[in-house]
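S.K.: The chain contents come next:
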Amino acid sequence: MSVTESTSASLGAPSGVGSRPTPNARPDLASDASPPPGPAGRPAPRRGLLRSLFRNRKATVGVGILLLFGALALLAPLLAPGDPMVITDAGSQAPSAEHLLGTTAKGQDVLALTLWGARSSLAVGLLVGLAATLVGVTVGLAAAYFGKVTDDFLSLVTNVFLLLPGLPLLVVLAAFLPPGTGTVIVVLIVTGWAGAARVLRSLALSIRAKDFVAAATVTGEGPGWIMFREILPNMASIVMSTFLGVVIFGIGSQAGLEFLGLGDISVVSWGTNLYWASNDGALMVGAWWAFLPSGLCIALVAFALALLNYAVDEVTNPRLRVPRRRRAGVRAPGGGTAVSGAAEAVTGPAGANGHGAAPVLEVRDLTVEYRSENRTVVGADRVSFTIGEGEVFGLAGESGCGKSTVAHAIMRLLREPAVITGGSVRFCGRDVLAMPDDELRSHRWRDVAMVFQSAMNSLNPVMTIGDQIVDVFTTHERVSRTEARRRAGDLLELVKIERSRLRAYPHQLSGGMRQRVVIAMAVALRPRLLIMDEPTTALDVVVQQEIMSQIADLRRELGFAVLFITHDMSLMIELSDRMAVMYGGRFVESAPAATILAEPRHPYTRALMNAFPPLTGPRTELRGLAEGVRFTGIGDLVEVAGGHWVAPHDEPHDQEVPA
Amino acid sequence: MHFVLRRLGFYLLAFWVSITLNFLLPRFMPGDPVSRMFARSQSRMTPEQILQLRQLFGVDDRPLWQQYLDYLGNVFTGEMGVSISRFPTPVVEVIAGQIGWTLLLGGTALLIAVVVGNLLGILAAWRRGGFLDSMLPPVLVFVGSFPYFWLAMGALYLFGVSFGWFPLRHAFSAGSSPAWTGEFVSDVALHLVLPAVTIVVVSIGGWMLAMRNTMIATNAEDYIVMAEAKGLRPGRIMFRYAARNAMLPAVTSFGMSLGFVVGGALLTEVVFAYPGVGYQLLAAVQGLDYPLMQGIFLTITAAVLIVNFLVDIVYVRLDPRVRVS
Numbered sequence: 088m089s090v091t092e093s094t095s096a097s098l099g100a101p102s103g104v105g106s107r108p109t110p111n112a113r114p115d116l117a118s119d120a121s122p123p124p125g126p127a128g129r130p131a132p133r134r135g136l137l138r139s140l141f142r143n144r145k146a147t148v149g150v151g152i153l154l155l156f157g158a159l160a161l162l163a164p165l166l167a168p169g170d171p172m173v174i175t176d177a178g179s180q181a182p183s184a185e186h187l188l189g190t191t192a193k194g195q196d197v198l199a200l201t202l203w204g205a206r207s208s209l210a211v212g213l214l215v216g217l218a219a220t221l222v223g224v225t226v227g228l229a230a231a232y233f234g235k236v237t238d239d240f241l242s243l244v245t246n247v248f249l250l251l252p253g254l255p256l257l258v259v260l261a262a263f264l265p266p267g268t269g270t271v272i273v274v275l276i277v278t279g280w281a282g283a284a285r286v287l288r289s290l291a292l293s294i295r296a297k298d299f300v301a302a303a304t305v306t307g308e309g310p311g312w313i314m315f316r317e318i319l320p321n322m323a324s325i326v327m328s329t330f331l332g333v334v335i336f337g338i339g340s341q342a343g344l345e346f347l348g349l350g351d352i353s354v355v356s357w358g359t360n361l362y363w364a365s366n367d368g369a370l371m372v373g374a375w376w377a378f379l380p381s382g383l384c385i386a387l388v389a390f391a392l393a394l395l396n397y398a399v400d401e402v403t404n405p406r407l408r409v410p411r412r413r414r415a416g417v418r419a420p421g422g423g424t425a426v427s428g429a430a431e432a433v434t435g436p437a438g439a440n441g442h443g444a445a446p447v448l449e450v451r452d453l454t455v456e457y458r459s460e461n462r463t464v465v466g467a468d469r470v471s472f473t474i475g476e477g478e479v480f481g482l483a484g485e486s487g488c489g490k491s492t493v494a495h496a497i498m499r500l501l502r503e504p505a506v507i508t509g510g511s512v513r514f515c516g517r518d519v520l521a522m523p524d525d526e527l528r529s530h531r532w533r534d535v536a537m538v539f540q541s542a543m544n545s546l547n548p549v550m551t552i553g554d555q556i557v558d559v560f561t562t563h564e565r566v567s568r569t570e571a572r573r574r575a576g577d578l579l580e581l582v583k584i585e586r587s588r589l590r591a592y593p594h595q596l597s598g599g600m601r602q603r604v605v606i607a608m609a610v611a612l613r614p615r616l617l618i619m620d621e622p623t624t625a626l627d628v629v630v631q632q633e634i635m636s637q638i639a640d641l642r643r644e645l646g647f648a649v650l651f652i653t654h655d656m657s658l659m660i661e662l663s664d665r666m667a668v669m670y671g672g673r674f675v676e677s678a679p680a681a682t683i684l685a686e687p688r689h690p691y692t693r694a695l696m697n698a699f700p701p702l703t704g705p706r707t708e709l710r711g712l713a714e715g716v717r718f719t720g721i722g723d724l725v726e727v728a729g730g731h732w733v734a735p736h737d738e739p740h741d742q743e744v745p746a
Numbered sequence: 192m193h194f195v196l197r198r199l200g201f202y203l204l205a206f207w208v209s210i211t212l213n214f215l216l217p218r219f220m221p222g223d224p225v226s227r228m229f230a231r232s233q234s235r236m237t238p239e240q241i242l243q244l245r246q247l248f249g250v251d252d253r254p255l256w257q258q259y260l261d262y263l264g265n266v267f268t269g270e271m272g273v274s275i276s277r278f279p280t281p282v283v284e285v286i287a288g289q290i291g292w293t294l295l296l297g298g299t300a301l302l303i304a305v306v307v308g309n310l311l312g313i314l315a316a317w318r319r320g321g322f323l324d325s326m327l328p329p330v331l332v333f334v335g336s337f338p339y340f341w342l343a344m345g346a347l348y349l350f351g352v353s354f355g356w357f358p359l360r361h362a363f364s365a366g367s368s369p370a371w372t373g374e375f376v377s378d379v380a381l382h383l384v385l386p387a388v389t390i391v392v393v394s395i396g397g398w399m400l401a402m403r404n405t406m407i408a409t410n411a412e413d414y415i416v417m418a419e420a421k422g423l424r425p426g427r428i429m430f431r432y433a434a435r436n437a438m439l440p441a442v443t444s445f446g447m448s449l450g451f452v453v454g455g456a457l458l459t460e461v462v463f464a465y466p467g468v469g470y471q472l473l474a475a476v477q478g479l480d481y482p483l484m485q486g487i488f489l490t491i492t493a494a495v496l497i498v499n500f501l502v503d504i505v506y507v508r509l510d511p512r513v514r515v516s
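Protein chains in written order, with our numbering: chain A, 88 to 746; chain B, 192 to 516.
Pulled out of the complex, with its shape left as it was, chain A reads as follows:
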């Protein structure tokens, strides 16, 4: 669930009750989405695909060209100036009023040849595309559905066919078969289906693993139904792009074969036109008009298909779209500081941090927006807080509430479409948002380091962990590689991992070890602030405990401040000095952790705390978020007691909206 979706609609309650379970629907199990919001896990429905295609400029241009050629091919008998096969003695004439595109060496009209040629070329391409895709879909689906031996066998055949060099195979096949357009079609299908089958098989495999297919299997649907009604509709976009790819292949290869004289040279097609042009030595006598039109037509049709294909890719994977050139994550022009009373709240909670030290981090009115073409969603809304020297500040809230957005904004790691549109981030008095690139680079990791949510994904899989730690030293400090390596070894020992593991790759370590490596890396330069974005979410409970106690040890030793982000309220209350609860991009409550535990004021805070059962003590009925707590228009924090700030709210029951 991304920030975009969650702030707008489905926060709090599993909104799709009764529908197929979507991943990440339960806030307590889901991991916090880190920006930018990626494409949803589910394939886009077909209707959406077509509609989006209509709006895509590449697609419209592509379809336009194809329609034009389709019309030309259909209307060739009406449009063409005479019979293309008529041989006259007016050979090799340059384009003129009489022959708009000139004549061939045999005196045939090139325009007529080109128009009539469209018929054969397009028909063959279309036919090959349909047939090869059909074979590919069937083989791919069968392999994915039946699995085991069937899959092994079909995959093997597919891969062998893919590997055999296409054109030489085409040539040999065509040479043995009786010449003719039928032969060309058959040969192209034989060589063209494997690519489609391979792509579709792997896609079908991934869809087959999804829950709704399992559900259909359980309800006793037959293989045909499941393959064609459950799996196939979810592959629409890939089937389409495969089809387009095969048509391109078909048209191109047909032209190639015919150019080599392996087709039926008495048929008029773009390929045979080129064959004759070449055979008649059109180039040598400078008759460029004889070969230009047909080649251009092939290229235009292939280009149109490629554009369409590209548009399908873009629609299914919006990341591929070319963005407007803009520096991401930096304040947009005109994005002034939002005026609000929250500024007062800054001094309030900061003053009450109980440490009395100068703040390490001062965030004021931080506003982050996720901007897309259609709408803008606020990911963090006028968020203000400070963290004192050595202090542990907790940030709690459900998935998608903006916790990670805040964390990324502090290090200016946000990417398109997220933009910091207001507020300030100050580190020891320095304005982080105003830093030029060089300064920002040296600020990162040296002053503020971050432990990301998933250790599995935050380590580069193809570099040894030693090299990844050494990178930190060699970038930030003038040290030799040997020295950097020695210190990397020390760091590993600090988190109780043997030095020898420096040579290990991430996949050779357990999840807990990887997270400890990341933590070691984070403290490498002794930063004054460590951001921990759900550092233990992906780990099991025992490992979680180990990691947390290790962090506590390191903190005692190195004395860094911590911004601790989690949705685990009990863990947070245990570790934090002060904490804030976030909802829909806003703070709803901020106070010392003990105060929140003792008397949570905001109904959302209470709901969040009730979402986790206490580990000890009598059993209590859980009244968590599933009840459907929703809030809108959260106001600025107001101090209700010393150091305890709460957003204005009505009494709990008036605010609860039934799901």
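Hints are computed from structural coordinates only; laboratory data are not their basis.
Backbone N, C-alpha and C define an ideal beta-carbon position, used for all residues, glycine too.
Each hint should be verified, as a subset may be incorrect.
Cross-link-like lysine to any residue pairs, in silico, SDA-like; alpha carbons within 25 Å at most [as the list claims (entries may be wrong)]: (1) K193(A) <-> E412(B); (2) K235(A) <-> F194(B); (3) K297(A) <-> E412(B); (4) K193(A) <-> S353(B).
Interface residues of chain A toward chain B, partial, derived using beta-carbon atoms under 7 Å [said to hold, decoys possible]: (5) V247; (6) P252; (7) F315; (8) F346; (9) A386; (10) R528; (11) W532; (12) L546; (13) S567; (14) T569; (15) R588; (16) P690.
Estimated spans, in silico, between C-beta atoms of each pair [claimed, not checked]: (17) S459(A) <-> F430(B): 25 to 33 Å; (18) L383(A) <-> L255(B): 43 to 51 Å; (19) V195(B) <-> K193(A): 29 to 37 Å; (20) R588(A) <-> T372(B): 53 to 61 Å; (21) L221(A) <-> F350(B): 37 to 45 Å; (22) M326(B) <-> E460(A): 18 to 26 Å; (23) A301(A) <-> V513(B): 50 to 58 Å; (24) F333(B) <-> G169(A): 28 to 36 Å.
With the hints as your guide, set chain B onto chain A.
M.R.: Frame of chain A, contents of chain B only:
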């Protein structure tokens, strides 16, 4: 090691399939092309040569399984008969004399296209919305839409016939004979330019777009954000963290698309009358030279399979996850 052996087994299987295909084609195809071939050229052959060709092409009374075993034996000992169109040179000798030119042309073009295309893709993905990202892909897709041979003809017409900058045909000037002299090498290089550039221009867009798309996916990975958070220099993140990972699928697709490149190179050879196996293949088709045709097909297939195997070995070096498991 296990991975490499499994791949080796797969390639051997693929090669066996192509040999079997070669064996079956003349025996089961309608129209009896082989007798046409014999009718045309029988008078020039010695009885031994006729017998050998009969056995290779199934004009033979022995049981099929025996023919098949003999055929396999012949292929592995390089006995592929004599060429009809270049009678009486054995097929193996004809191919050996020409494969070098194809390797030179295909290798040069492939190397340039792969290196430049991937670099462009890396840079395009790195600077989203920049010139490389927004302007170049459509242009390259358009250029890549032209048939290889057509673009080759265009280049030949424009730079060869009209401007006269480059030679029109063959791999070296008539009259000069192959030698390791500066003069001859530069002559070969000059003949190489047009065909190689054609192949590069048509194929580079595919490499670039594939790399760009993989890079875009890779750039969204957590380890890239982490590398940025670590304050690493952009160049280091781009190559050591992003491109290094995005390279892996590119390496795999390199093997897969090799067959296409070979096909394109064949057509280009035909246009430039470049004396490689592609040009020879067409000559064989036109001269009903089935032994040579089959020999060339098997050679090309074997070459593609061998390169794929080498790519797999490289892949194992590049991806530590495969290396261990």
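S.K.: Does each hint hold? Answer for all of them.
M.R.: Hint check:
no. : hint                            : in the structure
1   : K193(A) <-> E412(B)             : violated (61 Å)
2   : K235(A) <-> F194(B)             : holds (19 Å)
3   : K297(A) <-> E412(B)             : holds (23 Å)
4   : K193(A) <-> S353(B)             : holds (23 Å)
5   : V247                            : holds (5 Å)
6   : P252                            : holds (4 Å)
7   : F315                            : violated (28 Å)
8   : F346                            : holds (5 Å)
9   : A386                            : holds (4 Å)
10  : R528                            : holds (4 Å)
11  : W532                            : holds (5 Å)
12  : L546                            : holds (6 Å)
13  : S567                            : violated (17 Å)
14  : T569                            : violated (19 Å)
15  : R588                            : violated (14 Å)
16  : P690                            : violated (34 Å)
17  : S459(A) <-> F430(B): 25 to 33 Å : holds (31 Å)
18  : L383(A) <-> L255(B): 43 to 51 Å : holds (49 Å)
19  : V195(B) <-> K193(A): 29 to 37 Å : violated (57 Å)
20  : R588(A) <-> T372(B): 53 to 61 Å : holds (57 Å)
21  : L221(A) <-> F350(B): 37 to 45 Å : holds (43 Å)
22  : M326(B) <-> E460(A): 18 to 26 Å : holds (21 Å)
23  : A301(A) <-> V513(B): 50 to 58 Å : violated (30 Å)
24  : F333(B) <-> G169(A): 28 to 36 Å : holds (32 Å)
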